[in-house]
Amino acid sequence: MEVCSSDGFNVTLREFGCEQCLLSRPDGSSSFIQGDTSVLAAVYGPAEVKVSKEIYDRATLEVVIQTKVGLPSVKERSQEQCVRETCEASLLSSLHPRSSLTLILQVLHDDGSLLSCFLNAACMAFMDAGLPMSCLFCGVTCAIARDGQVITDPTATQEKESRALLTFAIDSTEQKVLMSSTKGSFSVHELQECIAISQMASEKIFQFYRESVQRRYSKTL
Amino acid sequence: MESCLKVKVGAVLLPGDVFTFIKTDTISLTESLKEEKIICGPGLQRNGDDVVVCKSGVLRHKNPNLYWVDSQQRRYVPVKGESVIGIVTTKSGDVFKVDVGGSEQASLSYLAFEGATKRNRPNVQVGDLVYAQFLIANKDMEPELVCIDSSGRANGLGVFGAGGLLFKGSLGLVRRLLMPQNEILKDLEKLYPCELVLGMNGRLWVRAATVQKTLIVANLLESSENMSAQQRRTLFKRVADGNL
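Here the protein sequences come in this chain order: A and B.
Counting from 1, position 20 in the first sequence corresponds to residue 19 in numbering that gives the first Met the number 0; the numbering is continuous, with no gaps.
Counting from 1, position 55 in the second sequence corresponds to residue 54 in numbering that gives the first Met the number 0; the numbering is continuous, with no gaps.
These aren't lab readings, by the way, just hints derived from the structure by calculation.
Watch out, some of these pointers could steer you wrong.
Unchecked claim - Simulated pairs of lysine-lysine, PhoX-like, Cα-Cα distance not exceeding 25 angstroms: (1) B:LYS5 with A:LYS218; (2) B:LYS96 with A:LYS49; (3) A:LYS203 with B:LYS96; (4) A:LYS218 with B:LYS7.
What the hints assert, rightly or not - Reference listing, derived: stretches of chain A covered by chain B, where coverage requires no fewer than 3 residues with Cβ under 8 angstroms from a Cβ of chain B: (5) 27-37; (6) 74-81; (7) 133-145.
In this text, all values refer to a predicted model and were calculated from it rather than measured experimentally.
Built from N, CA and C at the ideal position, the CB exists for glycine as well.
Given only the sequences and the hints, what does the whole structure look like? Please build it.
Written out as structure tokens, the structure is:
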């Protein structure tokens, strides 16, 4: 959420929190907290699929986003599309043909960077469910303020006052961009700058994933 | 070549971690080239010359060259040769459809029971519990179960379940209970005499002398998954003293 200077990228993100395996009914569940933004994710699968929705060589992934109040609208549908495309790129869905994987994301509190929080919670939930993945992914949001400074992991007030908001999904093996969702106006140079900053921020997030999973398995070792 | 895997045995791995096997360009004149074979178990995938981790968990090793990732999972995926507890859902013609907790129902032919012939059909109703073994289980075909082994004998497989309790645990709990000489079962033996059937699909069935004892044993098994050995022993002791 801090401002980073243009000469040396010093990326600071809000405080993270994560917990896995907190719900008893789903096959995998996780909760991810970035500052005040908090999301709960649940994964069911590989389970039975309706014949009309089955794909003969891959698993069918369905993402459902529930907001805290109100019915899901077009904005939630487009966020679901972004999350689904990212997950399909990293899951090895060809190992479970004619099955269904369902991901349900519940917003507990929204204080900015919601889409990247969805992506992080989804990745932890897939790991908790034991679904085979070829790489991990994480989400990073950057906001460009009116004076041109780039803010990573913005809060809701910073997002409102910014002139552009960019969210990227980065993969863990080659730090490539899996998905991008942008709003507002920005130049090509600013886009490249935000991608570089997101790639640096993703290293911290992957390190955090590793520490959480190590902590979880340390109890049974 | 195998050393890069051996170093990581016991470490926690995440999906996307890669083990590259470096091919040496220089051939030594004194040592002969040895071919090393590594068997990749669950959680490891071969990607050309690399081995890629695809599940998060702890890397385990069994001599001489078997490596796998031990992960905690709740959802079962059918594997050939595993014995599972299934629930019969429909009887259609010559085949029973059995729910094993996977992504599709498995089929169980009525001839796959001991002593079954076309005239002598087995006594299996919808809703019965069967302990069966997977004959066919891969991602492309419908899984198929049998209740006999290769010599035609039942050998413990078949219909069971009158008077007991079926409940679900995680796959890791069942694997721990099936290990030879494991402590949870040793402690349980001293407590009450009971009958236990463990399915590799995470389903457990218990029957003890009375309904209350059955429920106590079921609760003990479910809770022993998340307890350390010390906590478990104190809990078992409390039950044995009759204070629960």
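Verify the proposed pairing of LYS203 (chain A) with LYS96 (chain B), using a straight-line Cα cut of 25 angstroms.
violated (49 angstroms)
Three-residue Cβ test at 8 angstroms for the coverage of the stretch 27-37 of chain A by chain B
As far as the stretch 27-37 of chain A goes, the hint is violated, because 1 residues have Cβ atoms under 8 angstroms from chain B.
For the pair we were handed, LYS218 (chain A) and LYS7 (chain B), check the Cα-Cα distance against 25 angstroms.
holds (18 angstroms)
Take the C-alpha atoms of LYS5 (chain B) and LYS218 (chain A), compute the straight-line distance between them, and say whether it is at most 25 angstroms.
holds (22 angstroms)
Go check the stretch 133-145 of chain A versus chain B for me, would you? Three or more residues, Cβ under 8 angstroms, otherwise it fails.
holds (count 3)
Run the distance test for LYS96 (chain B) versus LYS49 (chain A): straight-line Cα separation, threshold 25 angstroms.
holds (17 angstroms)
Coverage of the stretch 74-81 of chain A by chain B (three or more Cβ within 8 angstroms)
violated (count 0)
Hint check: violations occur at hints 3, 5, 6; the rest are consistent with the structure.
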